[in-house]
Amino acid sequence: MDKLILPYNHIQTAHCENGVATGLLKHHGLEFMTEPLMFGLGSGIFYIHIPFLMVNGGPAVSYRSMPGWIFSRASKLLGIKVNRRKFNSEKEAYDYLNKQIQLGNPVGCQVGVYNLPYFPAEYRFHFNAHNLVVYGKENGNYLVSDPVMETVTTLTEEDMLKVRFAKGPLAPKGHVYYPENVKQVSKEHLQKAIYKAIHRSAFDMLSIPGPICGVDGINYTARQIRKWREKLGPRKAGLYMGQIVRMQEEIGTGGGGFRFLYAAFLEQASDITGNQKLLTLSDEFTKAGDLWRASAINMGRIFKGRLNEQKDFLESADMLDNIAAIERAAFKELRKIKM
Amino acid sequence: MKKEDLPQDPSALVGVTREVCYVKDKDGKYTSDLSIGWDVKKQALDNAWEDIHERVTEAAAKVKSGEISPVFYFMEKKLMDLPLLSGYTGFWQWTIKRHFKPSVFKSLSESRLQTYAKAFDISIDELKNFNG
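First to last, the sequence lines map onto chains E and L.
Take 1 as the starting number for the first sequence in the numbering used here and just add one per residue.
Take 340 as the starting number for the second sequence in the numbering used here and just add one per residue.
Rather than coming from a laboratory, the hints here were simulated on the basis of the structure.
Quick list of the computed label-pair ranges, beta carbon to beta carbon:
#, chain 1, residue 1, chain 2, residue 2, range
1, E, K86, L, Q432, 20 to 30 Å
2, L, E449, E, N98, 32 to 42 Å
3, E, N83, L, K467, 42 to 52 Å
4, L, K440, E, N9, 51 to 61 Å
5, L, K341, E, K338, 28 to 38 Å
6, E, P169, L, G354, 28 to 38 Å
7, E, R235, L, D348, 20 to 30 Å
Virtual Cβ for every residue (Gly too), placed ideally from N, Cα, C.
Sequences and hints are given; from them, build the entire structure.
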């Protein structure tokens, strides 16, 4: 296999999983798919603060659902099957990927970013839930469409095996996936799927028991923030705030902890269903996103200098409580929404 | 966020890519736009790296003073922690902790050293001869 380039259109998106899922469904004929629609149909919006777990020495917070769920949930609603394979043997994983390319099938791959050579050095942490599309091979190199990159790129065979077999939390184990039996989706079907996905998100954000998930989780983080400075000292507490800002605003979120992306989804959902209420609620998420950004600026003042005061932390915590109240009210409206 | 408010502050992304952000255009409709970065999150990332560099320097000093073995130093340098290093080497976490002791490290077999060297992506000599 010297040269094999499959006809796959590279798309750049905010978030890698959305990008791979959107790109692959477009490739299989679902031209209407967009990143916000994929994110909304996959009920990607979420919040969770996992206590006791540390990520890169900071708090483990996430603004989105589990890696892999967006594509799975959206596909299920659209009646599509996602074929997924993981491997224990590197050789098998290598052969399987090559075979898929030879069969003319562009596939999604889960990879770790620590050994991704084309990533900026400052972003190369041991994060294992990155996604990209392999759409061919040329001169022994894989042709790669990474949705966070502006253009397509390549990976050597050696690098590809390294990133597919990164170790640690969420280890990819050579994970390869692609959609199967993609059929055209009627307008009614899509409308139904949109309502189901919205209700799913409302459930995730409002009804999961315990204090750490959904809007309750945002209040939980606020309570923690009030204690951090005394418990950890000004410097470490500042680093913790930095970690929250990175999870919320770093490349992949579309800004405002995915809230702008969800607002964009509701706007499109309103277009597709003709339901004006969704457009009004889209504005609520724009507001929430703007407040998340304002909160990031406030936290930024805390971690910028090493001098900070308890009242800065209290202020940040209050801002989060305010955001939680807005999102709680918006999701309660979304929970009630009917076709 | 309005399109004209999207920050364009040079960051580590420059020269590699720009990131997609979702913003409102002047008609109030959602669209996406590209950004080269935002100072607030650049500062957060810079701080995280500053913290890493401090920890690596500290680890090097501890190796030099004979308090801890190079395994600990390279674990910090490669941004790993115990669970991750355990994943890459196949050693139990408590085994690795034992290997942090300079006396135990000195008696490690070539094959174990090789496993560490591979996990850290360095040569055995680099691992053995690191002295802070």
